[in-house]
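Protein chains in written order, with numbering that gives the first Met the number 0: chain A, 0 to 152; chain B, 0 to 528; chain C, 0 to 251.
Hint data in this document are derived by calculation from the structure and do not stem from the laboratory. Relax, there's no trap hidden among the hints.
DEER-style ranges, computed between Cβ atoms:
1) A:Val69 with B:Phe29: 15 to 25 Å
2) C:His217 with A:Ser137: 45 to 55 Å
3) A:Leu147 with B:Phe2: 39 to 49 Å
4) C:Ala48 with B:Lys301: 37 to 47 Å
5) C:Tyr64 with A:Leu133: 26 to 36 Å
6) A:Val135 with B:Pro452: 51 to 61 Å
7) C:Asn38 with A:Val69: 44 to 54 Å
8) A:Leu133 with B:Thr500: 31 to 41 Å
9) A:Lys68 with B:Phe121: 19 to 29 Å
10) A:Val135 with C:Leu159: 51 to 61 Å
11) B:Lys301 with C:His217: 46 to 56 Å
12) C:Pro130 with B:Phe121: 51 to 61 Å
13) B:Thr500 with A:Val69: 39 to 49 Å
14) A:Leu147 with B:Leu471: 49 to 59 Å
Below, in silico cross-link-like pairs of lysine-lysine (DSS-like), each with a Cα-Cα straight-line distance of 27 Å or less:
15) C:Lys208 with C:Lys156
16) B:Lys95 with C:Lys117
17) B:Lys334 with A:Lys143
18) C:Lys65 with B:Lys95
19) A:Lys145 with B:Lys301
20) B:Lys301 with C:Lys65
Quick reminder that beta carbons are idealized off the backbone N, C-alpha and C, glycines included.
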Amino acid sequence: MASSLRHGLTKARSHILSRTRWFSSQSDALVEAKIPEVGIISGIPEQHLRRRVVIYSPARTASQQGSGKVGKWKINFLSTQKWENPLMGWTSTGDPYANVGDAGLSFESEEAAKEFAEKHGWEYTVRKRHTPLLRVKSYADNFKWKGLPKSEE
Amino acid sequence: MEFLLMNHPLDCPICDQGGECDLQDQSMAFGSDRGRFTEVKRSVVDKNLGPLVKTVMTRCIQCTRCVRFATEVAGVQDLGMLGRGSGEEIGTYVEKLMTSELSGNVIDICPVGALTSKPFAFKARNWELKGTETIDVTDAVGSNIRIDSRGPEVMRIVPRLNEDINEEWISDKTRFCYDGLKRQRLNDPMIRGADGRFKPVIWRDALAVVAEMAHKVKPEEIVGVAGQLSDAESMMALKDLLNKMGSNNVWCEGNGSNRDADLRSGYIMNSSIAGLEKADAFLLVGTQPRVEAAIVNARIRKTVLAKQAQGWGPDTLLEIAERRHPFSSVLLNAKNPAIIVGAGLFERKDKDAIFSALETIAKYANAVRLDWNGFNVLLLKAAQAAALDLGLVPESENSIESAKFVYLMGADDVNLEKVPADALWFIKGIMATGVDDWKIIRALSEVAGVKLPYDTLGAIRSRIKTVAPNILNIDEREPATFSFSIKPESTKKMDSAPFGTAVDNFYMTDSITRASKIMAQCSALLLKK
Amino acid sequence: MLARLASGRLHEIRRIFSQPSVRSFSTALNYHIDSPDNNPELPWEFSDANKEKAKEILSHYPSNYKQSAVIPLLDLAQQQHGGWLPVSAMNAVAKVIEVSPIRVYEVATFYSMFNRTKVGKYHLLVCSTTPCMIRGSRDIESALLKHLGVKRNEVTKDGLFSVGEMECMGSCVNAPMITVADYSNGSEGYTYNYYEDVTPERVVEIVEKLRKGEKPPHGTQNPKRIMCGPEGGNTTLLGEPKPPPCRDLDAC
Numbered sequence: 000m001a002s003s004l005r006h007g008l009t010k011a012r013s014h015i016l017s018r019t020r021w022f023s024s025q026s027d028a029l030v031e032a033k034i035p036e037v038g039i040i041s042g043i044p045e046q047h048l049r050r051r052v053v054i055y056s057p058a059r060t061a062s063q064q065g066s067g068k069v070g071k072w073k074i075n076f077l078s079t080q081k082w083e084n085p086l087m088g089w090t091s092t093g094d095p096y097a098n099v100g101d102a103g104l105s106f107e108s109e110e111a112a113k114e115f116a117e118k119h120g121w122e123y124t125v126r127k128r129h130t131p132l133l134r135v136k137s138y139a140d141n142f143k144w145k146g147l148p149k150s151e152e
Numbered sequence: 000m001e002f003l004l005m006n007h008p009l010d011c012p013i014c015d016q017g018g019e020c021d022l023q024d025q026s027m028a029f030g031s032d033r034g035r036f037t038e039v040k041r042s043v044v045d046k047n048l049g050p051l052v053k054t055v056m057t058r059c060i061q062c063t064r065c066v067r068f069a070t071e072v073a074g075v076q077d078l079g080m081l082g083r084g085s086g087e088e089i090g091t092y093v094e095k096l097m098t099s100e101l102s103g104n105v106i107d108i109c110p111v112g113a114l115t116s117k118p119f120a121f122k123a124r125n126w127e128l129k130g131t132e133t134i135d136v137t138d139a140v141g142s143n144i145r146i147d148s149r150g151p152e153v154m155r156i157v158p159r160l161n162e163d164i165n166e167e168w169i170s171d172k173t174r175f176c177y178d179g180l181k182r183q184r185l186n187d188p189m190i191r192g193a194d195g196r197f198k199p200v201i202w203r204d205a206l207a208v209v210a211e212m213a214h215k216v217k218p219e220e221i222v223g224v225a226g227q228l229s230d231a232e233s234m235m236a237l238k239d240l241l242n243k244m245g246s247n248n249v250w251c252e253g254n255g256s257n258r259d260a261d262l263r264s265g266y267i268m269n270s271s272i273a274g275l276e277k278a279d280a281f282l283l284v285g286t287q288p289r290v291e292a293a294i295v296n297a298r299i300r301k302t303v304l305a306k307q308a309q310g311w312g313p314d315t316l317l318e319i320a321e322r323r324h325p326f327s328s329v330l331l332n333a334k335n336p337a338i339i340v341g342a343g344l345f346e347r348k349d350k351d352a353i354f355s356a357l358e359t360i361a362k363y364a365n366a367v368r369l370d371w372n373g374f375n376v377l378l379l380k381a382a383q384a385a386a387l388d389l390g391l392v393p394e395s396e397n398s399i400e401s402a403k404f405v406y407l408m409g410a411d412d413v414n415l416e417k418v419p420a421d422a423l424w425f426i427k428g429i430m431a432t433g434v435d436d437w438k439i440i441r442a443l444s445e446v447a448g449v450k451l452p453y454d455t456l457g458a459i460r461s462r463i464k465t466v467a468p469n470i471l472n473i474d475e476r477e478p479a480t481f482s483f484s485i486k487p488e489s490t491k492k493m494d495s496a497p498f499g500t501a502v503d504n505f506y507m508t509d510s511i512t513r514a515s516k517i518m519a520q521c522s523a524l525l526l527k528k
Numbered sequence: 000m001l002a003r004l005a006s007g008r009l010h011e012i013r014r015i016f017s018q019p020s021v022r023s024f025s026t027a028l029n030y031h032i033d034s035p036d037n038n039p040e041l042p043w044e045f046s047d048a049n050k051e052k053a054k055e056i057l058s059h060y061p062s063n064y065k066q067s068a069v070i071p072l073l074d075l076a077q078q079q080h081g082g083w084l085p086v087s088a089m090n091a092v093a094k095v096i097e098v099s100p101i102r103v104y105e106v107a108t109f110y111s112m113f114n115r116t117k118v119g120k121y122h123l124l125v126c127s128t129t130p131c132m133i134r135g136s137r138d139i140e141s142a143l144l145k146h147l148g149v150k151r152n153e154v155t156k157d158g159l160f161s162v163g164e165m166e167c168m169g170s171c172v173n174a175p176m177i178t179v180a181d182y183s184n185g186s187e188g189y190t191y192n193y194y195e196d197v198t199p200e201r202v203v204e205i206v207e208k209l210r211k212g213e214k215p216p217h218g219t220q221n222p223k224r225i226m227c228g229p230e231g232g233n234t235t236l237l238g239e240p241k242p243p244p245c246r247d248l249d250a251c
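Bound conformation, chain A alone (with noise of 0.2 Å):
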């Protein structure tokens, strides 16, 4: 999915991007319009062009694993329409974008994530990482000089 999106903003780009240049390059102080250009030119349907997104950093799971993947910004585009499907009991939704975000958008930081979302004219609002506070500890400390015995009763 992100592939497939990722390959439908570069094509978008292509087209645009000649127009925004030419735009900026008159002068540093106009500013930009923001039109949710690749939304509108990939024919996306009108309801799902102002979403409300949530970009966010997915949390450190909470068992032991290592922190390789963590860092990466997500957008998820809080998505509650779905039902258990009463066919077979798996999940249905009525929401396209129900599991674009969470699976398929990935960023390396939040500023790729907010322009990405700026592009398809998502309304976003940024929620923020909470990384860990690492206080200097050593083994030795265990075993430290923890002051003179206490007197006696």
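Since chain A is already given, all that's left is putting chains B and C on it; use the hints.
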């Protein structure tokens, strides 16, 4: 790797940790694809740690993280390393259940599948789950959690790191209350018929009946109570609706008749939860952090070197306020004294007197300065702070006694004995039909002819922005600007009745946890002790 | 070919493990099972004399490091309780040194000289480390077990004897050896004696003497040896050693 796997069973396919196991990852990355160990693997007897933690001790690799967690964070020295050599095992020696409110965290701490979640056992694989990062509502701490769901069903709750609030721990109630979400749900609106039975009706009829009732009574006889799990949007809508109908008697349960919502410092944790670590003396008044906010208790424990005193009754408090108690000198000598007041005191009649005594203490102990605000209120319920921020305070203290129409928005714990018998009720169960509360209120307002001016979440949030902009700053702590020092002194006398406990049963505090089977098991064990 | 090799290896492994003497170091499991004579409800306290002793032991350590006294106190408790530590004794020790009971259980389960199940009044410990084993400690153990009619770590019916196993006790020069921990007179009369250079016949004699209440002389049981000296007297180093040549120490 080979040594670690020597005595580790090859049961990843039937292990609940499979897929999120550190040892599995490590052996995938560094392990050999065949072992040279031909001897017999050892086996270890499983331990019974209670209804929450499942043990498969043969999988244990003796990392002792659970022992360290129990000793250093949870503060219950139950677990230990027994025996030596190849017979070494983790255990409690005597059969003993873990009596900590934080015991569920050993599930996360365990790098292998030796300690796993009992309610979650064999329910789902972690790669089938979709995580939704959110905030816990079972207490007023607001622990950061991730709710893992498979399809429409919540499968488990795990903590999420936030150094300012819960670090990386959550309480057992937070972690295991989720099965309460699946039971005793109200799916359709119901109206009590003439025969006293509830009859399901469609929303249109239900709202029409309610609107009709609301118009039958005088505006000041209308009372609204928001439940402890209400969201800010719904509380805003409730207040707006009642105001439009001419009543201002709306509050959140747990806040009691507290009408001081003017000064934010009067009801929030001023020094912040993480800030408690800087404190060097604690005065806990009318609160038991262990059951009211287990995560805060862990923080307080972290600063164990600090001296603690717990005021058992108002007399002790008065003694400290008048500097007659030995603890006053401790407070005086402390650099950063912290006073933590339980929100259970909000329900007391002599609340003002207690708070003025606390202010005296805070003043002489110099607990409120520019660089340190050690005056803290430990709230009990998730909705309390937002309700006060939004100004959900009753106009008169005795409004419930003259109420004719009571809108209970998921409020299950309100003392309704004082409501007159001829009152018309509108009780709405929590999490009604998967419909947001604010949507119901919005619909009701239209039926009742007092249409509220918002119909999207965005619109209701911009309404909140005009009342309490701080609520919309997600993930940020909004410190209070003014301290209580500008408040007039109260002259009321303190009642000598003891403070009592605000939470009797840690495991059952709201409608979700009361519906939960796991919480019921836990509280049964709690009662047995 | 490979299959035959594998099955041969498997057979070998089976043979090793089917041997009767699978070694067990400790006298008990690493977890506690309640029994009428061993459960946390039973009261247990140091005797008055031992309370004084415990105080003396605690005085060796700084008062904020009381937990350092855990091993000597457990030893004292074990002597008082006839050679073994019920769970209530460990709880009592935990109370004295002001730690939680699990910290004491950890120590008591770690050291195999703390017995957590009942032992005889005379607990016989056979050394089974290499030098003793080469000199026939297995025969000594089987002689003891056969004579007393018990299994390892089992107590005889009269409650007098039990046989355990021990790792090297440092008497390799007098191998094989057994140790007799005598708990018959509580902590006052407690002795822990080595009987060295034993033979299967000699250990049975020692057991019989102990049964009669005698105290057989400890140390080497070989009449031809003096302590750890060679059998039949010294053969070398008979005279005074000569001073080193070329050095006049007095001149220094």
